[in-house]
Amino acid sequence: MTSELDIFVGNTTLIDEDVYRLWLDGYSVTDAVALRVRSGILEQTGATAAVLQSDTMDHYRTFHMLERLLHAPPKLLHQLIFQIPPSRQALLIERYYAFDEAFVREVLGKKLSKGTKKDLDDISTKTGITLKSCRRQVVEEMRGSLVDNIQQHFLLSDRLARDYAAIVFFANNRFETGKKKLQYLSFGDFAFCAELMIQNWTLGAVDSQMDDMDMDLDKEFLQDLKELKVLVADKDLLDLHKSLVCTALRGKLGVFSEMEANFKNLSRGLVNVAAKLTHNKDVRDLFVDLVEKFVEPCRSDHWPLSDVRFFLNQYSASVHSLDGFRHQALWDRYMGTLRGCLLRLYHD
Amino acid sequence: MPGKLKVKIVAGRHLPVMDRASDLTDAFVEVKFGNTTFKTDVYLKSLNPQWNSEWFKFEVDDEDLQDEPLQITVLDHDTYSANDAIGKVYIDIDPLLYSEAATVISGWFPIYDTIHGIRGEINVVVKVDLFNDLNRFRQSSCGVKFFCTTSIPKCYRAVIIHGFVEELVVNEDPEYQWIDRIRTPRASNEARQRLISLMSGELQRKIGLKVLEMRGNAVVGYLQCFDLEGESGLVVRAIGTACTLDKLSSPAAFLPACNSPSKEMKEIPFNEDPNPNTHSSGPSTPLKNQTYSFSPSKSYSRQSSSSDTDLSLTPKTGMGSGSAGKEGGPFKALLRQQTQSALEQREFPFFTLTAFPPGFLVHVGGVVSARSVKLLDRIHNPAFVGIMGNTRSYKLLDWNSFNSGVQDVSFDGKFIFFKRLAVGMLLSDEPETRDAWWAEIRQEIKSHAKALGCHAVVGYSESTSICEEVCILSASGTAAVLNPRFLQDGTVEGCLEQRLEENLPTRCGFCHIPYDELNMPFPAHLTYCYNCRKQKVPDVLFTTIDLPTDATVIGKGCLIQARLCRLKKKAQAEANATAISNLLPFMEYEVHTQLMNKLKLKGMNALFGLRIQITVGENMLMGLASATGVYLAALPTPGGIQIAGKTPNDGSYEQHISHMQKKINDTIAKNKELYEINPPEISEEIIGSPIPEPRQRSRLLRSQSESSDEVTELDLSHGKKDAFVLEIDDTDAMEDVHSLLTDVPPPSGFYSCNTEIMPGINNWTSEIQMFTSVRVIRLSSLNLTNQALNKNFNDLCENLLKSLYFKLRSMIPCCLCHVNFTVSLPEDELIQVTVTAVAITFDKNQALQTTKTPVEKSLQRASTDNEELLQFPLELCSDSLPSHPFPPAKEHLESASSNSGIPAAQRATSVDYSSFADRCSSWIELIKLKAQTIRRGSIKTTMTVEKASPVGDGNFRNRSAPPCANSTVGVVKMTPLSFIPGAKITKYLGIINMFFIRETTSLREEGGVSGFLHAFIAEVFAMVRAHVAALGGNAVVSYIMKQCVFMENPNKNQAQCLINVSGDAVVFVRESDLEVVSSQQPTTNCQSSCTEGEVTT
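Here the protein sequences come in this chain order: U and A.
Per the working numbering, the very first residue in the first sequence carries number 1; after that it's consecutive.
Per the working numbering, the very first residue in the second sequence carries number 1; after that it's consecutive.
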């Protein structure tokens, strides 16, 4: 006696959260059944393994059918085939698109080093889709390459959506994140930076009309950044800047002497990073540069975070007092974001 | 020109990509009605086209309006090649033809393709302008309302229940026409869908005409079925009950009285003279003078195997056929005279209803059923006639049958009799043949009902099972005596009041035997009714109807199933039919035995909703009987089951037997506990032991019975009386006993039944989940034995139930209601079981409330009743207590307290309110009775009552907080029941009757058979919901999946499935909402909910 066919269809589609999780985690039906058995469900309900097997199969089949709709969440809301209460729909979507941070962190780096993200770039740029749908495709792409861990997507919560934006942004600009030096940074760090950059450095940031241009850095802005070079190239300006900062911070900084000694190097580092951003390759290396040029020197001198904050605040503010410097707005746009990023990046 | 149909195509969405190059679609729509077709413009390059068409107008006869479906086809425009069809929508416009139903159909419909399934949706608006010339209505039958619901629909009132209507229409099956060889599967499927839709329309119109002839205005309990007879054609047949319905005026519609579960509550006579001694339906006197003549067949020899069956069957056959038709006592004769006149003109006094207005059902005789095996071949060669003429006689039952014949089996309680009619096949051309076949079977049913002293059959249904060219036609129902007033014109107005005045013993009346005990059609044990003690009742009652709302039930009910398989040799044509005919009686017999055993094992004494399905396959027959077992307070306590061995010498064998006996006894005890079956024995003691007078009375009864016959059944002690004896004479029987014990009760928190509502539970909460589950198993080997087959089948059903319980565990405590099993044998080694049911949650703690207002009302009523009545016994108690030095006072008090405790607990957990009220009044009866005789037990009983009402009050208060968040917009509920718990049906929008075919040539790619069928059933649900939503409804009640024919060919990677569903589209309003907007007009309320629904879908 073998079961040829075994189905259960409810007028309201039954969603078992536990099974959904197992399915999202990519377990096979057999593994899922084994895990459920281990959870003690048989004892609780007095069911048999066969019942569990049938139940799991059924849920997996339902999820499989739902997956097509989950790829386009608005469809899930409008489709007529599965009657699912809204709260359940939200849960399905949210869970589907939730991801494992560690994994995404991994992916961010790997993708770039392997260059597999190219495809994704092509997709997102070619179709000119909105950030939203791009997000979806990022995930598709990732899922395609790494079956096991990520299985999720949209109509997402705010936070999740922002994370996705970060991923897309990183993927699109191919930031290097995989280098050994950057391994200490979490996905959260990158997501934070990405958000700042999206808010301040992209075309969309300047012109709200171009909403879907959030992904690309503002080329003009990057070109303009060259102008900042004067801050380090002009020795007078550099000295003046240094003295302004030093005056302001004297006595307030625990690491004042180190700061004083390193000021020129640091400043040069930060400004050079800005100036280099015209080249795509250097954009990619942004985080590497920031860490090399700023984070590491400070760390080696054991700057506490508060001192870094004081310094950066003063460092960016003092520029306003440099009479010879004409690119105040540009500087603010650059440093405002960079300051935030650096502070976030500055940890062990 | 009686009607103008107007259609507007608004938009589409989620269309499939039809042009690979552009990933888009150039869609347009064809709208067809009858022979007229309109087209929309092509909407280029979009998956979400906005056609926003003009109104397409069809000017048509109302006859066409009834028959034809509106066909909407979505196509992809292709400049160079033929346009590709995306899919179709069939819209039945019948609901627009009644004045009270929907006025517009508007909404998103899934676009359905028989190969690809649902492919996007289309927004359509349909209207009908009927030129309301009333005379024209006679030509067609527009305006006759159809209901699938097998009771009088809520918010209607039955003025007259006219009776049975039936019709069938025959056509060739397009799948078997020559043209099918050259057309695509899609074209063939669509031809079939369209044809069936057309035939359904025609059938409905013809039935409507019959109803108009009978001067009715509605068909209730409308059941339409398809027989796919293959080569010989396609039969669409329908039965129903013609009624004249009156819509309750809107204030009345809002009375709680027609509220869901406790529907006819207001009409239940709570407390007219509660003393049964004085009730007026009094011709009970003759009973006392009569002696008992039934044969004391205490040992029930069971049929063990088919080898020696002739012995025990033959005498029964004789008994069965002998006694039909003779008239009994004067009372019966009187009743019969009254009703006969009303029913005589009718060819078939059948009613497809399963629940009735109070007072309608007077007595119930038992289940009557008839089956007939027919060959589907049309008579092409004259040689066949020769065979027909050749009479064969069978030794077994001396049946001289041809290749077909009718068998009839009547059940009543415990006995069964077979009768065999030699009926030659009527092989004329269709549809006369089919008509004649059914007429023949109905005639049989009618005569069986007569044999049971009944003039009518209620809960009537018909079914077929077809395999190759053999067809089993089955009909079954419950023989009953009806109150004639409902059947005649113009008398109903007064009838209700009359009935109330008349004070019929409704609580137990339906249990009383309608036949005459001197001339019983079969041997049975009769006792005096345990409720009124006036009339005779059988020891067991089987029926096909729902439990009457006013019946007093003890404890809860449960689903009882008998399952049986019999192997059969493969054979051709008439040899096959003969083989089947020979097997049938044994199957019926064993199914019946199984049911009886299981019923006893549950400690219950009545079956409701009995449905026996016999399915024929190539090499086997399957029998599946489902029913809901209950303990009727009016019937005697069932005896236990005793096992007797045939070889008593063997010591170990004896031991084994006694071991098994113990197991059985344990099971019975456990079941009694599980289903809370306990009070009758105690109440017996109360009435019996310490009370002199009733005691005397019962002694009197006993002595009477003893003197008349040696029967001791009336001994009210509950020991071994009429124990059911199972003889274990061979391994077969052993197996059977084992299988009896293998049925696992549902896990705690679950109950199941196949009737509308679970007897003993009525505190439903609003959560419902309708589902369909299908399982197909492949039997492992070809040389199976009957035992192995039985076990497989049994396991299949049990596992299926277990799975359901597991899946629905989040709903605990809940009850699976209307569990409907269907078995089919699609191929040699395949068994398919389809289950449709609804899980309804109920509140374990909030026992006493069901719906607010009725509860309040009845509470008030009950409490005032109590007060009135209690004062009396209390007074009596106070002064009489000391004066009665009763020796066993303490004992008595104990028993009384335990007695009062148990029902109280029961009320607290389970009792439906109306029955609570009933019980209250029956308690009050008791109290009163006792108060008049002695004054003792009443104190305790008063406590019970006092205890009960505050609990109810408290719960009522809790309840008045909104019980749950309003159901989400756009949700369409589906349920096989006629009501929605916690809600009120405000409007019936029309019947939903849909037929779908789905086929695939890429079975593996669609997830195998399971994936394919899962998706298809989900799609069917979706289409039903969409149609209901478009009608402006938010639920389907009395939903039924009448057919689910699944065929696969895995080697070719193909599968095909046909599904036929029906139900009533309704608008319901939550009771909680009702309260909030009670001041507003109901219509605005439902209107708003409808529009909301449309917005979101």
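For the record, the hints were derived by calculation from the structure and aren't laboratory data.
The C-beta atom is built at its ideal place from N, Cα and C for all residues, glycine as well.
A couple of the hints might just be wrong.
With a cut-off of at most 20 Å between alpha-carbon atoms, the simulated DMTMM-like pairs for lysine to aspartate or glutamate come out as follows [stated by the list, open to error]:
1) U:Lys75 / A:Glu1019
2) U:Lys75 / A:Glu469
3) A:Lys844 / A:Asp828
4) A:Lys206 / A:Asp61
5) A:Lys6 / A:Asp64
6) A:Lys4 / A:Glu30
Calculated Cβ distances over 12 Å to all of chain U for the following chain A residues [what the hints assert, rightly or not]:
7) Thr184
8) Glu440
9) Asp795
10) Leu808
11) Glu829
Outcome of the hint check:
Restraint check: the Cα-Cα separation between lysine 75 of chain U and glutamate 1019 of chain A comes to about 16 Å, which is no more than 20 Å; the hinted pair holds. Between lysine 75 of chain U and glutamate 469 of chain A, the direct Cα distance comes to roughly 47 Å. Violation of the 20 Å bound is thereby established for this hinted pair. Only pairs whose Cα atoms come within 20 Å are accepted, and lysine 844 of chain A paired with aspartate 828 of chain A is rejected, the gap being roughly 46 Å. This hinted pair checks out: lysine 206 of chain A and aspartate 61 of chain A have alpha carbons roughly 15 Å apart, not beyond 20 Å.
The straight-line distance between the Cα atoms of lysine 6 of chain A and aspartate 64 of chain A is roughly 14 Å, inside the 20 Å bound, and the hint therefore holds. Restraint check for lysine 4 of chain A and glutamate 30 of chain A: satisfied, since their Cα atoms lie roughly 18 Å apart, inside the 20 Å limit. The non-interface label for threonine 184 of chain A is consistent with chain U: the shortest C-beta to C-beta separation is roughly 25 Å, beyond 12 Å. Separation of glutamate 440 of chain A from chain U is adequate, the least Cβ-Cβ distance of about 37 Å exceeding the 12 Å criterion.
For aspartate 795 of chain A, the non-interface assignment is contradicted: its Cβ lies about 7 Å from the closest Cβ of chain U, within the 12 Å cut-off. With a least CB separation of 8 Å from chain U, leucine 808 of chain A falls inside the 12 Å interface cut-off, contrary to its annotation. The beta carbon of glutamate 829 of chain A is not kept farther than 12 Å from every beta carbon of chain U, the shortest such distance being approximately 10 Å.
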